[in-house]
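So the sequence lines, in the order shown, correspond to chains A and V.
All residue numbers for the first sequence refer to my numbering, where the first residue is 1 and numbers rise by one.
All residue numbers for the second sequence refer to my numbering, where the first residue is 1001 and numbers rise by one.
Watch out, some of these pointers could steer you wrong.
Stated by the list, open to error - Label-pair ranges, simulated between beta-carbon atoms:
1. A:L108 <-> V:N1255: 49 to 59 Å
2. A:D60 <-> V:A1257: 46 to 56 Å
3. A:L108 <-> V:G1068: 22 to 32 Å
4. V:E1157 <-> A:Q107: 33 to 43 Å
5. A:D60 <-> V:T1071: 33 to 43 Å
6. A:L42 <-> V:G1267: 18 to 28 Å
7. V:A1257 <-> A:E103: 55 to 65 Å
8. A:M79 <-> V:L1219: 30 to 40 Å
9. V:G1068 <-> A:F264: 54 to 64 Å
10. A:F264 <-> V:Q1130: 11 to 21 Å
11. A:D73 <-> V:P1054: 58 to 68 Å
12. A:M1 <-> V:Q1259: 35 to 45 Å
13. A:D73 <-> V:L1208: 31 to 41 Å
Rather than coming from a laboratory, the hints here were simulated on the basis of the structure.
Ideal placement from N, C-alpha and C gives every residue a C-beta, glycine not left out.
Spelled out, the chains give:
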Amino acid sequence: MTDPQFLAQAAALQQQIGLLAQSRGVTSILDKLPQLQDGDALLPQTAQQAHDQLQLIRWDLADERLANFFWYDGGLVLMASHPADDSVSLRAYAQAIEQLAAEEFPQLQLLPFGRLHSYHQTDLYISERKPMNVLWTMPLVLLFAVLWFWRCNRKLQRAHRRLQPLQAAAAICLPFVFAYSVVVIVMAVFAIPLDQATACATALGINAAIDFDLYLLEDFREALNQGESADQALQYAIGERGHLTLLDAGLNAICFSLLLASSFIPMQRLGGIMLLLLATCAFGALFLLAGVLRSCVHNSGENNAENDAENDAENFALASTTAPATAAPATAAPTTAAPATAASTTPTPKTATQTNGNMLGEKS
Amino acid sequence: MRLLSFTTMSCAIVLLTTCVVQTFGLLPTANAATANTAEQIIQRSWQLYRQHTPAEQEQITLQTTKDGEATREKTLLRWTRYQTSSEQVVIKFDTPAADAGLALLIDRTDRSQQQMWLRLPSWVKARRVQGQRQAQYFAGTDFTFEDNAELSGKATERYNYRLLDESKNGWWIEATVKNPSDSAYGRREIWLDRDYAITRIDYFDRNLSLIKTLQNIELKKFPNGGWRPDLMEMRNQQEARLTVLKVKARQFDSNLASQIFSQEFLGD
Chain A
1 MTDPQFLAQA AALQQQIGLL AQSRGVTSIL DKLPQLQDGD ALLPQTAQQA HDQLQLIRWD
61 LADERLANFF WYDGGLVLMA SHPADDSVSL RAYAQAIEQL AAEEFPQLQL LPFGRLHSYH
121 QTDLYISERK PMNVLWTMPL VLLFAVLWFW RCNRKLQRAH RRLQPLQAAA AICLPFVFAY
181 SVVVIVMAVF AIPLDQATAC ATALGINAAI DFDLYLLEDF REALNQGESA DQALQYAIGE
241 RGHLTLLDAG LNAICFSLLL ASSFIPMQRL GGIMLLLLAT CAFGALFLLA GVLRSCVHNS
301 GENNAENDAE NDAENFALAS TTAPATAAPA TAAPTTAAPA TAASTTPTPK TATQTNGNML
361 GEKS
Chain V
1001 MRLLSFTTMS CAIVLLTTCV VQTFGLLPTA NAATANTAEQ IIQRSWQLYR QHTPAEQEQI
1061 TLQTTKDGEA TREKTLLRWT RYQTSSEQVV IKFDTPAADA GLALLIDRTD RSQQQMWLRL
1121 PSWVKARRVQ GQRQAQYFAG TDFTFEDNAE LSGKATERYN YRLLDESKNG WWIEATVKNP
1181 SDSAYGRREI WLDRDYAITR IDYFDRNLSL IKTLQNIELK KFPNGGWRPD LMEMRNQQEA
1241 RLTVLKVKAR QFDSNLASQI FSQEFLGD
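Let the hints inform the model, and build the full structure from the sequences given.
Right, dumping it as structure tokens:
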């Protein structure tokens, strides 16, 4: 540390870093040495001079740890600052410094450290692996959704209509594939970098999208289990329960919109991307998912004829204005007992359940 | 006859009472300086310290140990010359090589105008140590410039003293500086033994938090009442550091050349 040649080279490196276009300011203990120097020279000319000056500074600093922060026996600390509002830019700046030191000051060993330096390194790790991470998320979501629907179907052996596990799982993925596509396009158009801040939006986006999808699919599946047709189940899931998805999206959006007020630009970007993700996920769940749900329904083979008859009777019941709805349960009490119980414990629409019970009573 | 008996008995009772009281330490001993104020005790201490010799030269080894770090050792020479109520001190380092020639002159000829001059080995001439720098640690030790000035004598007129406790072992005195700008410390607590030798000093900052403790471990006492510490330990609680100052050799010499106590000598 007290080698005058080393100090001169470190000072030259500091000056060169300061000349980089991205530099805001570069400081070190070397800035203080000229103030203590005897004569005209700016830096110590001998090891003794360097030792004396550094020792004097060390005595002046009340806290020895502070002195150790500026220099130690093996070298000194250059503090370079860069007006970055994203870690990609910070990474470019750090690389420029490392390249400069390697090319023009090979005698010096540069050891980048500090929170900002590790920030862009972890950022590189995260952002480079993020696309692969997202791609891997899709099959995992698909797999877990398939298992989930398969398990649900096993519990409902007597249901006439069921969701086909694979198709339903694929349908779940559709909204966030759509949402991510929109986000990628927006990021490309507005040149928003993929960094640590924006990368974490994907995880939050997946959570939000799957939440919305599961609400919708569960309502849809539940209605199917109650014997509703695909259209009726869709009507129930979207028309009557869809507002919950909108409410969820709205509440989430309010929470994440607070990030827009952050003075830290990456946080602002995260807030903006989250709002976009929530909006597109809600749109995807309520429109795209709803559009493909019918094709995910499987009608059980043994009940097909009954289902068709049921549908016919249903159509008839819906069309009929003369049949008294209250008369049927009295004549068909034993057979309507089960559906009536189910209706009383599930949130399915009362009108649909009553129609169903009426039809079964007429059949018996 | 009756009168004589009464007088004799009275004397006997008084004598007996006095013996009992003295035996159990209920009254101070004759040399305990009961009438002394705290300031007088401190003054007496430094008077005894100084009366032994007009000048001296000490060869000192200085070790600094910080938690988790290797011990650093330095050697130095210290010359002190005492005048009626003032002193001059020169400290000059021998080793390590990087510190060889590092020197400090403390001129307290006029204590109200105390001057300190520092010369680092690479400096052409000594520079005056002023103001706040006197409160800083000197030469990587736990002794500040101010501490170094007061190792050989205290300017008692600058302090208010208060006796905190007195026992058969000695005195415990608090010293607070009259003018806060004169010292970096908010308070000192000084322990003295019955021979007026200072055994320990606790240094407190201006928030009255303990900074460090100086202990004079190996006290050498001289027949005429003089005293010198041969081993001093300054334990710095705030910095978790210990400085041990050991006097390897001491030479009392009334003929120390006056040129030693000069700025020029610092550069020689």
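Hints versus structure:
1. Separated by about 55 Å at the C-beta atoms, A:L108 and V:N1255 satisfy the suggested range of 49 to 59 Å.
2. The hinted window of 46 to 56 Å between A:D60 and V:A1257 is violated, with their beta carbons roughly 33 Å apart.
3. Between A:L108 and V:G1068 the beta carbons are some 28 Å apart, a value that agrees with the proposed interval 22 to 32 Å.
4. Between V:E1157 and A:Q107 the Cβ separation comes to about 59 Å, which falls outside the hinted range of 33 to 43 Å.
5. Restraint check, A:D60 to V:T1071: a C-beta distance of roughly 24 Å breaks the suggested window 33 to 43 Å.
6. A beta carbon spacing of about 24 Å between A:L42 and V:G1267 agrees with the range 18 to 28 Å that was offered as a hint.
7. In this structure the hint that V:A1257 and A:E103 lie 55 to 65 Å apart at CB holds, the actual value being about 60 Å.
8. Our hint of 30 to 40 Å for A:M79 and V:L1219 is violated, since their Cβ atoms are close to 49 Å apart.
9. With their beta carbons about 37 Å apart, V:G1068 and A:F264 fall outside the hinted range of 54 to 64 Å.
10. Under the hint 11 to 21 Å, the C-beta atoms of A:F264 and V:Q1130, about 45 Å apart, miss the expected range.
11. With their beta carbons about 44 Å apart, A:D73 and V:P1054 fall outside the hinted range of 58 to 68 Å.
12. At about 36 Å, the beta-carbon gap between A:M1 and V:Q1259 stays in the expected band of 35 to 45 Å.
13. A:D73 and V:L1208 have their C-beta atoms about 36 Å apart, which keeps the hinted 31 to 41 Å range intact.
Consistency with the previously given hints fails for numbers 2, 4, 5, 8, 9, 10 and 11, ordered from lowest to highest.
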